[in-house]
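Chains as they are written, first to last, in my numbering: chain D, 7 to 432; chain H, 7 to 432.
Be a bit skeptical, because a hint or two may be false.
You can't tell identical chains apart in this list, so a pair holds if it fits in one copy or across any two.
No farther apart than 27 Å at their CA atoms in a straight line, the calculated lysine-lysine pairs in the DSS-like style are these [claimed, not checked]:
1) 184 with 250
2) 413 with 289
3) 170 with 15
4) 426 with 15
Derived from the structure by calculation, the hints contain no laboratory data. This structure is a prediction, so every number in the text was calculated from the model and none was measured.
There are 2 protein chains.
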Amino acid sequence: MLQSKLFTKTVKELPKDEISFNAQTLIRAGFIDKVTAGVYTFLPLGLKVHNKICDIIREEMNAIGGQEILMPALTPKNVWQTTDRWDSFDALFKLAGVDKKEYALGATHEEIITPLVKKYIFSYKELPVYIYQIQTKFRNELRAKAGLIRGREFSMKDLYSFHKDEEDLDKYYEIAKKAYFKIYDRCGLSDKTYLTFATGGAFSKYSHEFQTLTSAGEDTIYICDDCKIAINEEIIKEQETCPKCGGKKFRKEKAVEVGNIFKLGARFSKPFGLQFINEGGKKQDVIMGCYGMGPSRVMATIVEVHHDGRGIIWPEEIAPFVASLLKIKNQKSPAARRAAGQAKIKNIDEISNKIYTDLQAHGVEVLYDDRENISAGEKFADADLIGCPYRIVVSEKTLAKDSVEVKRRDSEKCEFVKLKEIINYF
Amino acid sequence: MLQSKLFTKTVKELPKDEISFNAQTLIRAGFIDKVTAGVYTFLPLGLKVHNKICDIIREEMNAIGGQEILMPALTPKNVWQTTDRWDSFDALFKLAGVDKKEYALGATHEEIITPLVKKYIFSYKELPVYIYQIQTKFRNELRAKAGLIRGREFSMKDLYSFHKDEEDLDKYYEIAKKAYFKIYDRCGLSDKTYLTFATGGAFSKYSHEFQTLTSAGEDTIYICDDCKIAINEEIIKEQETCPKCGGKKFRKEKAVEVGNIFKLGARFSKPFGLQFINEGGKKQDVIMGCYGMGPSRVMATIVEVHHDGRGIIWPEEIAPFVASLLKIKNQKSPAARRAAGQAKIKNIDEISNKIYTDLQAHGVEVLYDDRENISAGEKFADADLIGCPYRIVVSEKTLAKDSVEVKRRDSEKCEFVKLKEIINYF
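Chain D extracted, bound-state conformation (with noise of 0.2 Å):
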C-alpha cells in the first residue's frame, strides 16, 4: 500500500481520555479511533492485523473439525429467560424494539446455539459436533478504560463442542487447548501465555483460561513455574496447591485473560431439551463445551506485551505489512540535490517503485512510504511507530552501494542487501 494514499496518519500527542497504553499507542499509530468509552473504529492498518488474527483463529478452528456459522446479536428475551439469565447474567445490554419486543445484545451465545442445535442433532451418529463464529460481542461495562482488552463492542470468536458423553468432551477439551497455544504461538503470545486454572461452576471443578503476563494486566494470577502452569486470584484461596504437582511455590504477577474455556455439561442442553437417541434407544441430555478467544483483545495484549519506546513490534504473521519501504531523498539542501541534477533523485524514485512493485508481485506485503515533503526523520519514526517486522530504506547513500538498507524492528542491527537480493532475501 502507498503510504501517501493511507487517509490515516500518526498522531505525536498522546490521545486525551485515553489511558491504556495499547489504545494510546493504537490510536497514535492510526489503527483505531475511539468512538466513545470502550468503543472503536478499526482503521486500514488496524482492520488488517485484526483479519489476520481472525484468520489465524479460523485456521486452528477449522483444523480441529470447527464450523464455521454466524449468530446474530439481537437476541430475543425468551431465551434468556428460558436459562433464567435474563436478569442474572452480568453486563448484558437491553433493548426494546418498536413492536415492544425485548432484545439482549449478544455477550455469548449458548442461548442461540444450543436451540439451533436441537434442529439437527438427534442420534448419537451425529455426535460430536463442533461449531463457531467470530462475531462482535456486547458487554454493558460501567467502565471501559482497558482499551481493547475491555470494551463495551469488541470482537469474539467462540466455539461451542456437543458430546454424548463427559469423556468425549474432556478428550476434545484437550484438542481445543493444545489449538488455543498454537494461535498463542502464531501471534506472538505463547511465552507468556499460561493455562489457568479458574473456577468452573457447577459441571466440573475447574475452568481454564490463557493468561498473558503483562502490567496491563485485571487479573492477577499464581504462577507454578515447575510446571507452567497458574491459578487464578479468585480460587488461590480453595486451591492452595497446584492442581499438577501439588507443589506450594508460586509466582504472582498481573495478566490479561486471552482466553477461557468451559466445560458446559448440560447447563443449557437441559433447559433447551437438547437431547439426543443413545446407543441403547434412550434419550441422554447433549453434553457441551464452550471456548472463547477475542480477537481484538488478542490484537491489544500483543501491543502491551510486544513494543519498545519508539512503538509497536508486530510479530510477523499478525503485522500489518511485513516491511515498511522508505524512499528517502535528502531532503536538506534542496540546491545540492539541483547542483547533482535531477538523474539522481528520479533514480531513487524509479528503484523505490520497482522494489515495490517486485516486492508485491512476490507476494510480500508492503507498505511503502512514497511521501514527498516529509522528513527523513518523520518516515523513521512512523515505520517504528507502526512497527511492521522489517524496514527498507532506499536513499542516495544505499544505491551508492547499489543496495537498500535491511533492519529488523525487533533488532538494532542494519544490512546492505543489493537490490537483486531483495527478492531473495524475503
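Once you've looked at the hints, dock chain H against the given chain D.
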C-alpha cells in the same frame, strides 16, 4: 466439504412463520436459521455464500480506491444530535448503558465517519478519499416479513467519498455506478438490475437506486426500455418523463432495491465542521457522497431470481461450492450388492474419494455427498435444493463407462465425463 460432517441438514417442510420465498428456501436448504422475526443465523453454507458476496464487493471497492475500515454498532447519542437525526431517523434502535449513557445501534454511519475523517483530512492535497466498511446494521422495523430482504439485523457495505468540490464528486459517482454494475454482474443479477432514479434530498435532484426485478420486490419501478433505466414510484408523479431520453413509455415492475447511492453534499460535513484548506488557502466544506449495498439482501435477491421448483441455482462465483459430488450406491438390492461382491462397492467409495481429493487439490470447491444409508433420490433432491452449479454423480452405471455423470444445475442435459478428464473439465 464432506456432507456427512456438515451439521445442518435439508428439511422438506416449509418453515412456519416464514412467508418469503428466499427465507423459506434458504432455511430448508440449511443456509440460514431464523432466530426471531428479521434476525437470522448464517449457517456454514450460508456464511460461505455471504462471504463470497462480501469478497466480490470488497474487490470492486478496492478497485475504485476504497480503503476498508470497520466502524462500531454502538454509536453515542451526541453524534446523532449533532445532525438532528436522533429523533428523526427512521427505525433507529436505541438503548442505554448502566452509566445512563445512550446509544443508537448503527443503521448508517455518516455520524461516525464524518468526525473520523475530520481528524485526518485538512488540505485539498489530501482529497479525494474513499472509505468503506462491511458491517452489521440494525433497523427497528415494525414488520419484518421479507426474509433477508428486510431484516432487523443485516449486513451492509457502506462507502463514503470525500471531495473538494461537486465536480470531483460527480466524477467519482459515475465510477461508483460502474463498480456497482460489475458487482451485480459477478453476482448474476445484472440482467435484471436497473439504475433507478429516486428522490435526491436537499443537495441533488436525484439519488440512484439499483433495483432488481422480482415479484418478491417491495418497490415498484417504471422502466424505460429504450434507455434501460427506471424511475422509482415515489418520484414518478414529479418525474413523468425518462430523465435520459425524455420518453413517456414505461413498464411497471416489482423490484428489490439492491443498492443505493446519494450525493450528500455538505449535509454532514457542515454540522461536524469537516472543512479543508483549498488551493487559495481558504476553508471550505468537504463534499461527500455515500454508496450503500447490503450483501445479505443481495444474497436473498439472488435466491428470488435464480431458482426453480427444485431449489436454488447459484451463479458460479458465489455458489457455496462449485460442485456437488454424489456417491450413489445401489441401495435397493443389498442381496444383489452382496452377490456382486463388496469389491465393486469399494470401488465406488475409492473412486469417489479420489475425485473429491483431486478436485480439492486443484482448487475446485466440492460438497461431497459421502453419506451412507441415504437414498439416491434424497441425494439428488438435496443437491438440487442446495444449488451448486455442477452435479457430479459416481455410480455403478457411470463407472461401467469409466466415467462420472456431470450435469449443470441450470440445464437438464447430462453428460458423461471420463474419469481421467474430470480435472480438465473443471
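Go through the copies and call it for residue 426 and residue 15: within, between, both or neither, with a Cα cutoff of 27 Å.
neither (32 Å within a copy, 56 Å between copies)
Since the copies are identical, ignore which copy is meant and state whether residue 170 and residue 15 lie within 27 Å (CA to CA) inside a copy, between copies, both or neither.
between (54 Å within a copy, 19 Å between copies)
Intra- versus inter-subunit Cα pairing at 27 Å for residue 413 with residue 289
Neither: 64 Å inside a copy, 42 Å across copies.
Measure nothing new, just compare the shortest in-copy and cross-copy C-alpha distances for residue 184 and residue 250 to 27 Å and report within, between, both or neither.
within (17 Å within a copy, 64 Å between copies)
Hint check: violations occur at hints 2 and 4; the rest are consistent with the structure.
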